[in-house]
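Since the structure of chain A is provided, determine the placement of chain B on it from the hints.
Protein chains in written order, with numbering that gives the first Met the number 0: chain A, 0 to 113; chain B, 0 to 184.
The set of hints was computed from the structure by calculation and includes no laboratory data.
Heads up, the beta-carbon is just placed ideally off N, CA and C, and yes, glycines get one too.
Heads up, some of the hints might be wrong.
A short, non-exhaustive set of chain A residues, derived as facing chain B with CB atoms under 7 Å [unchecked claim]:
| # | residue |
| --- | --- |
| 1 | Glu13 |
| 2 | Gly20 |
| 3 | Asp34 |
| 4 | Tyr40 |
| 5 | Ser59 |
Below, in silico cross-link-like pairs of lysine-lysine (DSS-like), each with a Cα-Cα straight-line distance of 27 Å or less [to be verified]:
| # | chain 1 | residue 1 | chain 2 | residue 2 |
| --- | --- | --- | --- | --- |
| 6 | B | Lys119 | B | Lys150 |
| 7 | A | Lys48 | A | Lys98 |
| 8 | B | Lys119 | B | Lys27 |
| 9 | A | Lys63 | A | Lys105 |
| 10 | A | Lys63 | B | Lys119 |
| 11 | B | Lys36 | B | Lys150 |
| 12 | B | Lys84 | B | Lys119 |
| 13 | A | Lys63 | B | Lys36 |
| 14 | B | Lys27 | A | Lys63 |
Derived CB-CB ranges, DEER-like [claimed, not checked]:
| # | chain 1 | residue 1 | chain 2 | residue 2 | range |
| --- | --- | --- | --- | --- | --- |
| 15 | B | Asp98 | A | Glu35 | 44 to 52 Å |
| 16 | A | Asp33 | B | Asp46 | 54 to 62 Å |
| 17 | B | Asp151 | A | His4 | 25 to 33 Å |
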Amino acid sequence: MLILHCPYCGVDAEETELHAGGQAHLTRETVGSDDEAFEDYLFMRENPKGVHFERWRHASGCGKWFHAARCTTTLEVFGTYSAQTTAPPREICDAISGKRPGWSWKTFSARMFS
Amino acid sequence: MSEVQGLLRSDGFVAVRQLPLRGMITVKGDLSATALKNVATGLSGVDFPGPRECNCVGDNGIAWMAPDEILLMVTHATIPDAMAKVAATLQGQHYLAADVSDARTIFELEGAGVREVIAKLAPVDLAPDVFPPSAFRRTRLGQVPAAFWLKDNQTAELICFRSVTQYVFDILTHAARANTQVSYF
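In isolation and in its complexed conformation, chain A is listed as follows:
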């Protein structure tokens, strides 16, 4: 059972109180984008074995969307953070680096802050 800390209301909510929102940090391609970028935005998603960034909504609680960084193989949660960001904050990346040295995910990686 996955337990995520909601950074908005401060509740440690378990999976059944949350709604999964899929991959985090998508760039929304829109008017003016080329077809390939738009196709990527619409259809292409990461499916990593290991470090992953996701969006979650505290559906039965405060109702807020937030981000979570976790490991897809061990279900270990590295941390949760605000939805109002386009990249994981430094403390989250540091926490992941501490446990999964050399990790990378799309354009984010352990090297970002080293």
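Then chain B, alone, in the frame of chain A:
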């Protein structure tokens, strides 16, 4: 609005009672704004709650629903006045106030095993040191959204959507039926 079938009630090791309609106003806005705090405390007569808290005396209270949302509770008959006062006080500010009184049902649970009855149905740690009286939790109960707080160690109030009143009453009654105490807390 009248309740055609009367108020539901059952008695197990914890009594489950549906309470008469209560005035409820959802207020969204900046919870640190003085005007919002003043109108909420002025109408309810209780202190402004901190995060995950509910202050409630009788029908009057304030529950902290989210970082930008409170539930203001007043007696049902005073709703028009309360809505007018909220609108007058917060005029010009970025806020939302909605009268949700008739969308909600409120239950009172009373008995020594009240924590246990809720813990059987909600994914919440109800240990006395984690969930003291005045703590408030918005969560799910069985399969539907609900929120509850403890008035004291024997009494809880629980709100849910009115459309799921019978379901919530049934699962609470089932969880509270006699001789099913787990005596965990």
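- request: Could you work out which earlier hints the structure fails to respect and list their numbers in ascending sequence?
  value: Those not satisfied are hints 2, 3, 4, 8 and 12.
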